[in-house]
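Undergrad: Here the protein sequences line up with chains A and B, keeping their order. Counting along the first sequence from 1, when you hit position 54 you're at 61 in the numbering used here, and nothing is skipped either side. Counting along the second sequence from 1, when you hit position 57 you're at 58 in the numbering used here, and nothing is skipped either side.
Just so you know, the hints here were simulated from the structure itself, not pulled from any lab data. One thing to keep in mind: the hints can contain errors.
To be verified - List time: in silico PhoX-like cross-link candidates among lysine-lysine, alpha-carbon distance up to 20 Å: (1) B/K168 with A/K51; (2) B/K163 with A/K12; (3) B/K210 with B/K23; (4) B/K26 with B/K210; (5) B/K168 with B/K28; (6) B/K163 with B/K143.
To be verified - Examples of chain B residues lying across from chain A (beta carbon under 7 Å, computed): (7) K129; (8) G150; (9) M166.
Claimed, not checked - Simulated coverage check for chain B against chain A, where a stretch passes if three residues somewhere in it have a Cβ under 8 Å from a Cβ of chain A: (10) 27–40; (11) 116–127.
Even for Gly, the Cβ is constructed at its ideal location relative to N, Cα and C.
Single-letter residue listing:
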Amino acid sequence: MIQAKINGQIVDLAEKTTIQQFLQAQNHKTDRVAVELNGQIVPKSAYEQQEIKAEDTLEIVSFVGGG
Amino acid sequence: MPSQEEIYAALCQRHGKALQDKLQKAKIAIAGLGGLGSNIAIGLARIGVGQLHLVDFDRVDLTNLNRQHYFIHHLGQYKTEALKKQILEINPYIRVSTDCLKITASNVATLFSDADIICEAFDVPENKAMLANTVLEQLPDKWLVSGNGMAGYGKSNLIQTKAIMSKFYLCGDNISSNEAQPLMAPRVAICAGHEANMVAELIIEHLGKEAEK
Numbered sequence: 008m009i010q011a012k013i014n015g016q017i018v019d020l021a022e023k024t025t026i027q028q029f030l031q032a033q034n035h036k037t038d039r040v041a042v043e044l045n046g047q048i049v050p051k052s053a054y055e056q057q058e059i060k061a062e063d064t065l066e067i068v069s070f071v072g073g074g
Numbered sequence: 002m003p004s005q006e007e008i009y010a011a012l013c014q015r016h017g018k019a020l021q022d023k024l025q026k027a028k029i030a031i032a033g034l035g036g037l038g039s040n041i042a043i044g045l046a047r048i049g050v051g052q053l054h055l056v057d058f059d060r061v062d063l064t065n066l067n068r069q070h071y072f073i074h075h076l077g078q079y080k081t082e083a084l085k086k087q088i089l090e091i092n093p094y095i096r097v098s099t100d101c102l103k104i105t106a107s108n109v110a111t112l113f114s115d116a117d118i119i120c121e122a123f124d125v126p127e128n129k130a131m132l133a134n135t136v137l138e139q140l141p142d143k144w145l146v147s148g149n150g151m152a153g154y155g156k157s158n159l160i161q162t163k164a165i166m167s168k169f170y171l172c173g174d175n176i177s178s179n180e181a182q183p184l185m186a187p188r189v190a191i192c193a194g195h196e197a198n199m200v201a202e203l204i205i206e207h208l209g210k211e212a213e214k
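With the rest of the complex left out, here is chain A:
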């Protein structure tokens, strides 16, 4: 297990968890989110390859309807 900081919370994750896997596990729809990894926006094309590493800081914005 590793620990990463996700939306301000320390979260335990299996090693080599990708962003895509984490989003799916949290029931996020990938076409409704924006993800920042250590201060950089993560392109959607990288979600499947990008692994979350120990001590990474992740911000996930999940957009909702209404405007």
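Guided by the hints, dock chain B onto chain A, whose structure is given.
TA: Okay, now just chain B, sitting in the frame of chain A:
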């Protein structure tokens, strides 16, 4: 019709010259002219923001009037034109540009290359995410202020403005609209007020500083 000098003097009387000059130099783009975008535009027009770029593909519909800043006589008009006319009634010297089209990942960089700050004011979550991702990837120097969750009534103070990334601010309660929590003017206007107010803060406290560097 008041002259440009008279309106500038009146705004300076209210806001002070130093602050007004910053507002007048700012170029703000508004993506989506529904409940959020129309109210954001009116707020920014009233404080004398110098350039407003309005983008939406849609026309004013009767069901919009429960929350969007349009009137009966605007029904059937393009929102870009209906809103531009209102802005010029408040301040005819604001430079208003319009694009009546659908915003997609392939036109974001071109549409918004000239803006200092981009306001996301869409309704559909996939479109909100598309704009945020595209701006953050392709226009990393721009500020982005986005709306996220403003449905229903009451609970005013659950609507908040948060800095998400270094140049990305999110306003709202992060809860989706649905049949039990429909979009209604008072709460949508609170969220639009948050977005417009964040834009004002960025113009006054941050854009100026970048220019001085």
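Undergrad: Run every hint past the structure and note whether it holds.
TA: Cross-check of the supplied hints:
1. B/K168 with A/K51: Within the cut-off at roughly 19 Å; holds.
2. B/K163 with A/K12: OK: B/K163 and A/K12 at ~18 Å, within 20 Å.
3. B/K210 with B/K23: Holds, at about 10 Å.
4. B/K26 with B/K210: holds (13 Å)
5. B/K168 with B/K28: holds (16 Å)
6. B/K163 with B/K143: Holds - the C-alpha atoms of B/K143 and B/K163 are around 17 Å apart, at most 20 Å.
7. K129: At 4 Å from the nearest chain A Cβ, B/K129 passes the 7 Å test, so the hint holds.
8. G150: Nearest chain A Cβ about 5 Å off; hint holds.
9. M166: Since chain A brings a Cβ to about 5 Å from B/M166, closer than 7 Å, the hint holds.
10. 27–40: holds (count 5)
11. 116–127: holds (count 6)
Figure legend: structure checked against the earlier numbered hints; every hint is met.
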